[in-house]
Amino acid sequence: MIAPIEATGLRKRFGRTWALDDCSIRVPAGKIAGLVGPNGAGKTTFLHLAAGLLRPTAGEITVFGRSPQQQLLLLLDRVGFVAQDTPLYSGFSVEDMLGFGRELNRRWDQTDVEERLRSLDIPFDQRVGQLSGGQRAQVALAIALGKHPELLLLDEPVARLDPLARRDFMRRLTEAVAEEGSTVLLSSHVMADLERVCDYLIIIAAGRVQVAGEIDALLASHHLIVGPRLNANARISGVELVKAEHTERQSSLWIRGPVPELGAGWREEPLPLEELVITYLSAPRAVTMPRPQLQAAAS
Amino acid sequence: MIWVTWRQHRLEALWAFVLAALLAGSVGFVALQLSIASGSCPGAVGFGYCLSGDAFGQIAQGILRFDLAQYGLVVLPALAGAFIGAPLVAREIENGTHHLAWTQGVTRMRWLLVKLALVFVPLMAAAALVGYLEVVFLNVQGPQVNRWNIFDQQAPVVPAATFLALALGVAFGAVIRRSVPAMAATLLAFVVVRVGIAELVRSHYIAPLAKTTHDLNAVGVQADPTAWWLGFPDYYDSSGHLLGNLIGPSVGQPSYVIQSFQPGDRFWAFQTIEASILTGLALLILAFAVYWVTRRAT
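As you go down the protein sequences, you meet chains A and B in turn. With my numbering, letter number 147 in the first sequence gets 147, and the count goes up by one each step, no holes. With my numbering, letter number 112 in the second sequence gets 411, and the count goes up by one each step, no holes.
FYI, nobody ran anything at the bench for these hints, they're computed from the structure. Certain hints may be false.
Said to hold, decoys possible - If you want the ones that stay clear, here's a sample from chain A, every Cβ over 12 Å from chain B, calculated:
| hint | residue |
| --- | --- |
| 1 | 8 |
| 2 | 140 |
| 3 | 230 |
To be verified - Below, a sample of chain B positions facing chain A; criterion: calculated Cβ distance under 7 Å:
| hint | residue |
| --- | --- |
| 4 | 303 |
| 5 | 394 |
| 6 | 403 |
| 7 | 406 |
| 8 | 510 |
| 9 | 597 |
All figures in this text were calculated on a predicted structure; none of them were measured in a lab. For every residue, glycine included, the Cβ atom is placed at its ideal position computed from N, Cα and C.
Modelling step: build the complete structure from the supplied sequences, incorporating the hints.
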């Protein structure tokens, strides 16, 4: 099956800085995938490359097997995009925005969009500029959903919303994609936004993918073990170490793979998803995702 | 796209319509009054004096005196470029709405070309109409009228200049990505191009003719009223040495004067040449803007 998004060795340079540096990502079909990373990690750049708004400096990206740069027209009907800060024409009324969506899309489900907004009690004659942030985001989402996209890209859609509006937005999003079975790639720098809705996670830092996988699998394959203090330079064999931290009295090791036979004084501690993500983000040099799996998938 | 473009630009459309209607109305009205008066006019030149004394004639007189239409025809194309051309792409980028527009079902190329066509064509048509009325306004003043004095206000130069201003605006807007600096750049570039062409290039489209006058008292007096007289007359002494443009008391004895000029019958050739230059420039700049928006803008 053709992956909704597949990127290999993707690089993008702006001036002297590499926003993406050898980035390989495969977003599996039918998942809600979270793209998480600190500000400036390259999340927006990646989403823009997937939406055909940017051209890569090197490497390759395909969406449903087609290049968003060379064959964009074939993808526009199938890919929905909600840009950062959910931009809309602030002088337009909600009704006008729907007219915009209707006129600019060959595939457009007016009844569906109207129903969606009506159920949110968003007044159609209201100017978009006078809507609350949460309502604006909902209108932007409704317009992106209007073409029934098979892939929906969202760039930090809830970054500026209050917690209640965040939850509402995420709920609507998951309901909509559950109905349609579409694939979603959603970026955020706030893990809590993603944890509740995503079933696949891509952690990206400094333009590279650090780890990617099903959230369940990630949780099952990562462990935190704590024990008496080790020499900071001690070679730890037999485990794949993501990060090590040493205090005066004890050492904490974040490892990937099965938990080894634990010696005296060592114990395993729970590693929640958020901490797992922070571990990767705080250790940007940590081993990145093993590549062979991707290569195999690509060929 | 048509409705969306109209919805986005209807305020500008209203302003442009009002201003173009005012200009067309005043120029057309004066032309009409002059043509009514021309029957009772003794000579060919005294057009302002021939207007009737009634209210209409007075209004026409007033419009002529303030000459607002003449300024308007030069200034409005520049303003169209700055206020309509420059924000066309820049405002979308400023507000982030370009990412919204470019991820709907139409390509950037189509999005841009439809916008350009729907905004440019009516404005250029309005400019052509007013420029044409200006030509009529001169026509009714008889064959002796000098058209060169208001070269910049006549069709086809006016619509061509409007095209250039709009193209400059769109290109600067796309590259600078912010409306206000793009507006300033558009105004500056437009003024530089137009003044540069008028002052440095225009008189060279066709090699000027030279007129030699031996009767020094007749310099300027017997000049052809329909011609464009270039620069100051050059004074020569009897042996053919150039004495200078202006006669000083101690500078030898002037014998004859040579004046270069463009005759009146070249006027339309000059209009065509200048309109072609402006249109060509506009097309180049517009092609660059299209390239930039479709290939480079982010």
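We went through each hint and held it up to the structure:
The beta carbon of residue 8(A) is kept farther than 12 Å from every beta carbon of chain B, the shortest such distance being approximately 22 Å. With a cut of 12 Å on Cβ distances, residue 140(A) falls inside the contact zone with chain B, its closest approach being about 8 Å. Distance check on residue 230(A): its Cβ is at least 48 Å (rounded) from any Cβ of chain B, clearing the 12 Å threshold; non-interface status holds. With a least beta-carbon distance of about 5 Å to chain A, the hint placing residue 303(B) at the interface is held under the 7 Å criterion.
The interface hint given for residue 394(B) holds, since its Cβ lies 6 Å from the closest Cβ of chain A, which is under the 7 Å cut-off. Because the beta carbon of residue 403(B) sits about 4 Å from the nearest beta carbon in chain A, less than 7 Å, this interface hint is met. A distance limit of 7 Å between C-beta atoms decides the matter here; for residue 406(B) the minimum to chain A is near 6 Å, and the interface restraint holds. Hint status for residue 510(B): violated, given a least beta-carbon distance of 60 Å to chain A, over 7 Å.
Hint status for residue 597(B): holds, given a least beta-carbon distance of 6 Å to chain A, under 7 Å.
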